[in-house]
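Each chain, written out:
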Amino acid sequence: MESQNNLQNHRQAYWRANIRILTILLSIWFIVSFGCGILFVDQLNQIKLGGFKLGFWMAQQGSIYTFVVLIFVYVRLMNKLDQKFSFDEKND
Amino acid sequence: MDVQTWTYIIVGISFALYIGIAIWSKAKSTSEFYVAGGSVSPLANGMATAADWMSAASFISMAGLIAFMGYDGTVYLMGWTGGYVLLALMLAPYLRKFGKFTVPDFIGERYYSRTARIVALLCAIFISFTYVAGQMRGVGVVFSRFLEVDINLGVLIGMTIVFTYAVLGGMKGITYTQVAQYCVLIFAYMTPAFFISLMLTGNPIPQLGFGSELKEGGYLLDKLDKVVTDLGFTAYTAQTKSTTDIFFITLALMVGTAGLPHVIIRFFTVPKVRDARISAGWALLFIAILYTTAPAVATFARYNIINTANEKAYAKMPSWFKKWEETKLIGWLDKNNDGLVQYRPGIPFEKLNGKAVQFKSTGEKVETGSYGQPLIANKATDNSNELYIDRDIMVLANPEIAGLPNWVIALVAAGGLAAALSTAAGLLLVISTSISHDLMKKTINPNITDKQELIYARIAAGCAIIIAGYFGINPPGFVAQVVAFAFGLAASSFFPAIVLGIFYKRMNKEGAIAGMIAGILFTAAYIIYFKFINPEANVQANWWFGISPEGIGGIGMLLNFAVSIVISKLTSPPPPEVQALVENIRVPNRD
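Heads up: the sequence lines are chains A and B, in that order. The first sequence maps to residues 1 to 92 in our numbering. The second sequence maps to residues 1 to 591 in our numbering.
For reference, chain B alone in the conformation it holds in the complex (with noise of 0.2 Å):
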């Protein structure tokens, strides 16, 4: 069979998996609506938490990402798992005893204030928002080369599936259904690993293989540094930024992931406060299989490809090759006309109207060279580069890359879309409690029944699928831009406000919403300045202490400890009941 077929059937079968367990587990209640009763046993909370966490960029992005940064790499592997241990320690246990819905909630009655909820409200909608528009894109890039149906009909598909399980089961029906994904993806990402590691060092364990011998002789790693090297690139495993900054990235990642409202929210869903303390630890060693696993994919994908495509003939480059090309995601540029592919440092052609590969075409028809090739439109660089990969193909082209069967092909377009659907609706479900417990219930009418909140939830569950929806159709140009943003904002605002909640009794409303409001700022002004007023000038001469816009949410964290402390010292300390709700959430059980 194809591999269009076998997509279709595996494709096929997970989504009707998926819509199953949203009718066997719709909610019935606002309670199983947000925070799925509370009654979620730590270990499938833990998988959930997995699935919810592990967003398209992980799964798609991050070993591309990986394979062509090499050590540097390292920023989100430590980044987006270190966060876990903050979590674990320092948030999970006491948002758990306090045992409300939402991390507004939190803000809001741990500082006696309106406005800190409001802030924190903002905050939860934009960083979510931000991640979505995101997950909504990379289904649709995977239905278009998958399935090859229309990016937008894949978007549109994508939105039915989640708002049918999102609107129906809420966090209870989302939490189930993750788990399933959580199989599916985690299945879909290690099969072609083992396959591959065992295809090049003769070891399956893809955590081993990569420090193993080639079957031809050699450590991997010191071929593969030593291969790049002589072409021209730094060693696969030396750092290229400097350390400063790869210190702040790392820190900023770390800090944000224990800040983001979807992964906090999932620790309401368990009965205990041990259990909130076990299902942190069951979800990073669920998320730990994959993270491990990354970077070993990374280093077969950077020495497969340069095996595949370096000095080789483009006339007999494999199908995937040329599958891909017609996707604009590889594009070949052939400066010395020698019909061969050199690859080599730099960026090979610019970009034109902001694409990276455009092809010439007369009317509906694209141009073709001499050895068959998409002629580029793009204008050549004068370095002796020839061939453009976008990352974002290493791991959806790896299975095709090592030659493996059609239906592992077609298992990792599941899995990258039970990877974007998962976050998806994790965030979906963020959204609509912001809007129908923080705002409608909180701010703007106390009175309204538990129904009608159910019934407000699940209007604006409704909006924020159509909204992402249009997002993922028309993407605005500064999504990779925006994720900054959202670490660093989750990094700057909620986690210090949280921690200082729970760790230092005497913090008061003042110090919070200062301390909050700068961090957010400060974060904010230097992010924009250096992405979209001045990014020429977004080069390591220019950043404050050489801490690149990713790595300022750090400072950011920093300077709000350093606000509301000052602040907090300087004005009344909080009223007695904050004091002893303080108390309470330090110790686990009831009194």
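Isolated chain A, as found in the complex (with noise of 0.2 Å):
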């Protein structure tokens, strides 16, 4: 009963620490494709980069790039997770 406890409090934990993970990647994800591409594009527009209005580039660019980047950060974060929670498969 008691390492029936310990598991579920263990699981708990784990959990918690992967939502913390997604909160703080999603809210990224928010901030700039809505964010930056979409709700102040006028204003980022102010600035350029280059030939790209920064508004423009951060639309059509700039969150590509910022997802490509987010999913590698996340397998990055979750593969640590697994290995200090030991829930990494490879110990199957």
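Keep in mind the hints are simulated off the structure, nothing from the lab. You may find that some hints are simply not true.
Straight-line distance between alpha carbons at most 27 Å, and here's what the computed DSSO-like set of lysine-lysine pairs gives [said to hold, decoys possible]: (1) B:K272 <-> B:K335; (2) B:K272 <-> A:K48; (3) B:K328 <-> B:K379; (4) B:K322 <-> B:K379; (5) B:K223 <-> A:K84; (6) B:K97 <-> B:K223; (7) B:K322 <-> B:K351; (8) A:K80 <-> B:K97; (9) B:K531 <-> B:K505; (10) A:K48 <-> B:K223; (11) B:K328 <-> B:K531; (12) B:K316 <-> B:K223; (13) B:K379 <-> B:K323; (14) B:K335 <-> B:K323; (15) B:K323 <-> A:K48; (16) B:K272 <-> A:K80; (17) A:K80 <-> B:K505; (18) B:K355 <-> B:K335; (19) B:K241 <-> A:K48; (20) A:K84 <-> B:K351; (21) A:K84 <-> B:K226.
Here are the simulated distance ranges between beta carbons [to be verified]: (22) B:G546 <-> A:Y65: 29 to 37 Å; (23) B:S572 <-> A:N6: 26 to 34 Å; (24) A:K80 <-> B:Q452: 28 to 36 Å.
Which chain A residues face chain B? A few, computed with CB under 7 Å, are given here [stated by the list, open to error]: (25) F30; (26) L54; (27) A59; (28) Q61; (29) S63; (30) V69; (31) L70.
C-beta atoms are modelled at their ideal positions from N, C-alpha and C, and glycine is treated no differently.
Make the complex out of the two chains shown on their own, each in a separate frame, by following the hints.
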């Protein structure tokens, strides 16, 4: 019973850490795409990045690069988390 | 060698490759047929997912759409990539852990309900058929323009190829063919983009090129903004749709992408949870290569077309202009009789019998005007625009407009076919598994053997191809309209049901079914009203909160979430074994 409870707590701690990672990464996802690319595009367009207006560049280029980076960061963080909680599948 | 010979050679080689792969990877069990035995490497799966996802619409139409929409085209760029972040973070790893074959499988087991499974099944089939009809049409267009065969014969050839590798190889055959198709399509997309970027700006990387200075001086985007505003268009980098509408269309496309069954199903094919995570990353990386190039191609195309055609004599138009005119995808009506092509905002002439361009003809012979142009039968509008250009030709015509060698043009044709066929195959697999697995095995007769189920799967795939081919040859006039449907439905049905199924343990079947039905009915009613019942009313003033039918899936999704949570709070919690299932899919390892 004791070990059952431990396992339960262990899993819950893992899940909470997982949710924390998701919240942070999805906030960045939202700010970059909906924030920079849509809601604040006019303000950002005042800034120039070479031949690009910054808002336009964020919408058509920057957001997509950020999406790719976000997923790879997520993979890294989750693999570390799996290891920390010894949930990684190599131990199967 | 001429374009046609090159096209036969390059398309022929690519088709031989696809069939070769199909024979090599014949599926022997249902597990191989449905999910390639769950043994595909994450990198290969990422590449296959990218090919599966990038359809004829992404390859052929998207850059053209953006060329004419400018900044507003952002909805497609962000909408069709941002969904992968949701997919990677919120769906793929958990669905892989769940470890079954289809999306209705997950809905059916998580919500311990046959009704939920059937609702999911119908949505999956509807979404997939909507999509696949468009792909077959894309195949037909490429064949008729580049190989000068009849559009119907083109569709038939495409059907035969897909039939061979989808029915033989199932998911295993499809996956490895898609890896090859990705290589063909990305090479075909990038090659002309490099050349055109180099020619216009001196920088061969298109992503940098469209922010660079033109060879004749001045930044390309600044110059383009000025050229189009001088002609009376909105500036290229400026917004025309309302911010609310752009927000919701992007949201609906993102969430819809994450909820599309043919994309989700791909993450069942890798061996482990960590592979599902990383393969979503690879998929988006491979997709991003094309999606960050597309806005560059769009900018180059808009700039080139204005420079080539506007205020130039019709008699001196290059040969590509006249070739596309023959296919009625370009049309010119000399409103002011000066023999020059004027390209301005607005529709040049009204539709005639639903067709954008119709030529005047006596018997079989097309009547021509004083500059040799085929005369337009459509009624002229009273603006000064004389030129009709179909958006779909921009990518296909781009290498010709830029005067690139013939083999590049042939390569683009092969790339367009690869994009259309890879997506069609993935969709057909969803239809076939829905019928053989979710309907036959799980709903009607659970006692059938693995071997019988495999036969059903192959028969279903065969029938689906025939139906898809029929729609390709006799396209329903509403294909363009129903695409909004596919995304709206995926967004308002699957996405909330799956996300809540993973992240909200208390979620029960009453909540999920009520939520899905509310989301679908609301979204479908809004789209049907504005697209079919009362299309004249489809203007911003009549839209709720200024949201167009394309973006209403975003609201449908929110509604689904709200209804699901409220109803499930009011009814009894799910049984303990389902709660244990949720606990189990939340952690990667088995125990």
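Worksheet entry | Hint check, L70 of chain A versus chain B [nearest Cβ-Cβ separation less than 7 Å] | Hint on L70 of chain A: holds, closest Cβ of chain B at ~5 Å, below 7 Å.
Worksheet entry | Hint consistency between K323 of chain B and K48 of chain A [alpha-carbon to alpha-carbon, up to 27 Å] | Violated, at about 40 Å.
Discussion item. What's the verdict on K223 of chain B and K84 of chain A, does the C-alpha distance respect the 27 Å limit or exceed it?
Written reply: Since the Cα atoms of K223 of chain B and K84 of chain A sit roughly 54 Å apart, the hinted pair is violated (cutoff 27 Å).
Fill in: Restraint status (C-alpha distance of K80 of chain A to K97 of chain B at most 27 Å)
Status holds; Cα separation ~18 Å.
Discussion item. Does K505 of chain B sit within 27 Å of K531 of chain B, going by the straight-line distance between their CA atoms?
Written reply: violated, 38 Å
Item to complete: With 26 to 34 Å as the target window, see if S572 of chain B and N6 of chain A comply at their CB atoms.
Response: Roughly 29 Å apart at Cβ, these two residues keep to the hinted range, so it holds.
Item to complete: Could you grab the alpha-carbon distance between K272 of chain B and K80 of chain A and see if it respects the 27 Å cut-off?
Response: Measuring from Cα to Cα gives roughly 16 Å; hence the hint holds.
Practice prompt. Sort out whether K223 of chain B lies within 27 Å of K316 of chain B, counting only the CA atoms.
Written response: holds, 25 Å
Discussion item. Taking 28 to 36 Å as the stated bounds, is the beta-carbon spacing between K80 of chain A and Q452 of chain B within them?
Written reply: violated, 46 Å
Fill in: Pairwise hint evaluation, K223 of chain B against K48 of chain A, where the allowed Cα distance is 27 Å at most
holds, 15 Å
Worksheet item: Are K335 of chain B and K323 of chain B close enough, with their CA atoms no more than 27 Å apart?
Response: Between K335 of chain B and K323 of chain B the Cα gap is close to 22 Å, so the pair holds against 27 Å.
Worksheet item: Is K379 of chain B close enough to K323 of chain B, meaning Cα to Cα at most 27 Å?
Response: Distance ~23 Å between K379 of chain B and K323 of chain B Cα, so the pair holds.
The structure fails hints 1, 2, 5, 6, 9, 15, 20, 21, 24, 25, 26 and 30 (numbered hints given earlier, in ascending order).
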